[in-house]
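So the sequences go chain by chain: B and U.
So for the first sequence, my numbering puts the first residue at 64; every next one is plus one.
So for the second sequence, my numbering puts the first residue at 1092; every next one is plus one.
Simulated from the structure, these hints should not be mistaken for lab results.
The structure displayed is predicted, hence computed values, not measured ones.
Glycine residues also receive a C-beta, built at the ideal position from the N, C-alpha and C atoms.
What you were told as hints is all true, and nothing was included just to trick you.
Now the in silico label distances, taken between C-beta atoms and shown as ranges:
hint: 1; chain 1: B; residue 1: D331; chain 2: U; residue 2: G1150; range: 24 to 32 Å
hint: 2; chain 1: B; residue 1: E189; chain 2: U; residue 2: E1323; range: 51 to 59 Å
hint: 3; chain 1: U; residue 1: K1148; chain 2: B; residue 2: K328; range: 19 to 27 Å
hint: 4; chain 1: U; residue 1: S1203; chain 2: B; residue 2: G170; range: 29 to 37 Å
hint: 5; chain 1: U; residue 1: G1156; chain 2: B; residue 2: D331; range: 20 to 28 Å
hint: 6; chain 1: U; residue 1: G1156; chain 2: B; residue 2: K328; range: 18 to 26 Å
hint: 7; chain 1: B; residue 1: I346; chain 2: U; residue 2: P1133; range: 36 to 44 Å
hint: 8; chain 1: B; residue 1: G170; chain 2: U; residue 2: K1327; range: 31 to 39 Å
Once the Cα atoms are required to be at most 16 Å apart in a straight line, the calculated EDC-like pairs of lysine to aspartate or glutamate come out as:
hint: 9; chain 1: B; residue 1: K328; chain 2: U; residue 2: D1136
hint: 10; chain 1: U; residue 1: K1155; chain 2: U; residue 2: E1144
hint: 11; chain 1: B; residue 1: K171; chain 2: U; residue 2: D1213
hint: 12; chain 1: U; residue 1: K1306; chain 2: U; residue 2: D1333
hint: 13; chain 1: U; residue 1: K1241; chain 2: U; residue 2: D1355
hint: 14; chain 1: U; residue 1: K1306; chain 2: U; residue 2: E1252
hint: 15; chain 1: U; residue 1: K1202; chain 2: U; residue 2: D1184
hint: 16; chain 1: U; residue 1: K1398; chain 2: U; residue 2: D1331
hint: 17; chain 1: U; residue 1: K1202; chain 2: U; residue 2: D1378
hint: 18; chain 1: U; residue 1: K1158; chain 2: B; residue 2: D323
hint: 19; chain 1: B; residue 1: K171; chain 2: U; residue 2: E1216
hint: 20; chain 1: U; residue 1: K1158; chain 2: U; residue 2: E1144
hint: 21; chain 1: U; residue 1: K1158; chain 2: U; residue 2: D1184
hint: 22; chain 1: U; residue 1: K1413; chain 2: U; residue 2: D1355
hint: 23; chain 1: U; residue 1: K1158; chain 2: U; residue 2: D1140
hint: 24; chain 1: U; residue 1: K1202; chain 2: B; residue 2: D193
hint: 25; chain 1: U; residue 1: K1280; chain 2: U; residue 2: E1244
hint: 26; chain 1: B; residue 1: K328; chain 2: U; residue 2: E1131
hint: 27; chain 1: U; residue 1: K1306; chain 2: U; residue 2: D1331
hint: 28; chain 1: U; residue 1: K1202; chain 2: B; residue 2: E179
hint: 29; chain 1: U; residue 1: K1306; chain 2: U; residue 2: E1287
Away from chain B, derived, C-beta distances all over 12 Å, residues of chain U:
hint: 30; residue: A1149
hint: 31; residue: T1152
hint: 32; residue: R1255
hint: 33; residue: K1409
hint: 34; residue: A1410
As a plain string of letters, each chain reads:
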Amino acid sequence: MSLYTLWGALEIGLIFALVALGVLISFRILRFPDLTVDGSFPLGGAVAATLISAGYDPFLSTVAAAAAGALAGAITGWLNVRLKIMDLLASILMMIALYSINLRIMGKPNVPLISEPTVFSMLQPEAMADYVVRPLLLVALVVVVKFALDWFFSTQFGLAIRATGSNPRMARAQGVATGGMVLVGLAIANALCAFAGALFAQSQGGADISMGIGTIVIGLAAVIVGENILPSRRLAVMTMAAILGAVLYRFFVALALNADFIGLKAQDLNLITAVLVTVVLVIPLLKARFKSRRRKEAA
Amino acid sequence: MNLVKVVLQGRSMLAVLGAAAVLLPVAVSAQSVAVTSFVEHPALDAIRDGVKEGLAKAGFTDAKGLKWQFQTAQGNSAIAAQIARKFVGDKPDVIVAISTPSAQAVVAATKSIPVVYAAVTDPVEAQLVPSMAPSGTNVTGVSDELALDKQIELIRKVVPEAKRVGMVYNPGEANSVVVVKRMRELLPKYGMSLVEASAPRSVDVGAAARSLIGKVDVIYTSTDNNVVSAYEALVKVGNDADIPLVASDTASVLRGAVAALGVDYHGLGLQAGAMVARILKGARPGDMPSETSSRLDLFVNQQAASKQGVTLSPALIKAAAKVVK
Chain B
64 MSLYTLWGAL
74 EIGLIFALVA
84 LGVLISFRIL
94 RFPDLTVDGS
104 FPLGGAVAAT
114 LISAGYDPFL
124 STVAAAAAGA
134 LAGAITGWLN
144 VRLKIMDLLA
154 SILMMIALYS
164 INLRIMGKPN
174 VPLISEPTVF
184 SMLQPEAMAD
194 YVVRPLLLVA
204 LVVVVKFALD
214 WFFSTQFGLA
224 IRATGSNPRM
234 ARAQGVATGG
244 MVLVGLAIAN
254 ALCAFAGALF
264 AQSQGGADIS
274 MGIGTIVIGL
284 AAVIVGENIL
294 PSRRLAVMTM
304 AAILGAVLYR
314 FFVALALNAD
324 FIGLKAQDLN
334 LITAVLVTVV
344 LVIPLLKARF
354 KSRRRKEAA
Chain U
1092 MNLVKVVLQG
1102 RSMLAVLGAA
1112 AVLLPVAVSA
1122 QSVAVTSFVE
1132 HPALDAIRDG
1142 VKEGLAKAGF
1152 TDAKGLKWQF
1162 QTAQGNSAIA
1172 AQIARKFVGD
1182 KPDVIVAIST
1192 PSAQAVVAAT
1202 KSIPVVYAAV
1212 TDPVEAQLVP
1222 SMAPSGTNVT
1232 GVSDELALDK
1242 QIELIRKVVP
1252 EAKRVGMVYN
1262 PGEANSVVVV
1272 KRMRELLPKY
1282 GMSLVEASAP
1292 RSVDVGAAAR
1302 SLIGKVDVIY
1312 TSTDNNVVSA
1322 YEALVKVGND
1332 ADIPLVASDT
1342 ASVLRGAVAA
1352 LGVDYHGLGL
1362 QAGAMVARIL
1372 KGARPGDMPS
1382 ETSSRLDLFV
1392 NQQAASKQGV
1402 TLSPALIKAA
1412 AKVVK
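Bound conformation, chain B alone:
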């Protein structure tokens, strides 16, 4: 495996770490099965790519993309809280709607950014290779986002969101406006996904309407893989685990792409990735069994 492949996996893994953090907020903290992600990820890409190719500042465009994601998440929350539509269905409705909305925003299915400035090209120092700079910038960014989230969810407001997720009835009894908390939580989660989409479009040469397919699956896989490596109920560890999970998942894909030496073919890629993820999920179980057997033997 070449160094270039590894840097690439790290870069894409870090972008998807933002998605994983978003999924962690909706699925784990709020306990809201939110599929909006499949639409808000390309929404971010669509908004950023369209604004940048219209001549707007890449940084401003990226912020606008995150704001659009927040709006999408809030609408999902609103459909659920105010219109009493079941959570899963509300998010599916929003996800479907976003497909058309994204096409409207872009005006066509593909907006290239190959010859446009991006946040990465603007922060690119002359002396360093771009494939190294991008992951390094992203490491810094993801760490900042992680600590910001850790801090936010320890404030009075953040704790109210967590309470809404873990025990809504008790939260209401304590005077928490749980409906509003769902809205804000989903807005933050989808803002992160749209932010990731905006960065992905800028690092990969453009936004494409198909870029959202399977985002939620990857995000969830990242969260669950992370939980297996770093099982904990502390938020700071959970966010760290989600990030690690997302990066690890990408390394698995990179590994699978390089599996041709054992006679595997291109079309086996998804299968290999699935097997690798399964192995990670099973390791804790095997470990526990191994331990209990040794204990028995010792006794």
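Following the hints, put chain U in place on chain B, whose structure we already have.
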């Protein structure tokens, strides 16, 4: 020996190592070609096989040491990006990128390794090349753009009295949207108009086609992935409502379209393969203009014609490369 000297020596050793690292791959590399496509489907696979055959014709075969690798993104943008990174890291002599998303990911990942794109309808719009002329960059390739004038001519030959042309397409597919946009501009010049019906998923194709009943005289389709994969649904509507179907891939004629003047995807692959061979022999991709398909095949289906209420002229049947009876 003082510290400065040690550091300096260390540096010069690094320089030697660095130079060796740069020189080595050039010295030992046999010809290597890395090919990627976004998904696997018959047209894209035909291109891939065509590329390999084109290379073989120029004398580059596995037996003679050609290193060939193929990866597909399985329809996932993130995987397409990772494949692009892997290829750039493998430093092949040429990367062949089939379909728009794959080509964009590869072109975004390298400014130095030669890239030959294929199955991209509008490479300029996709920002792969600044124009169809020699790009001066590391990118060249073959566009699968169809000369739409020829397509409209075919529609008029099949249904001479046609005024309203219906199109079923996926609004999420870049290549289809390009065709629809140009048809909208071109048709009025021939005294005809376009009626659109969108099918965002392949299961929507039948319903989209039904919505055109009574509003159109003929249904024309591009090589839209959704439409091609659900072409039978379109054929059912065409047969039931007597609307003749004109396609732009010859395979659809075998499935029940009246006629198609289609790009020969295998031929497109051969063309791309020949370009790759020229680069392997030392040509610079920046000096090579982007090409379009040089060969079109006409297929007609008489059985479908009678089911869909048209009679094919003897001239059209005579011009066809294949006639389904």
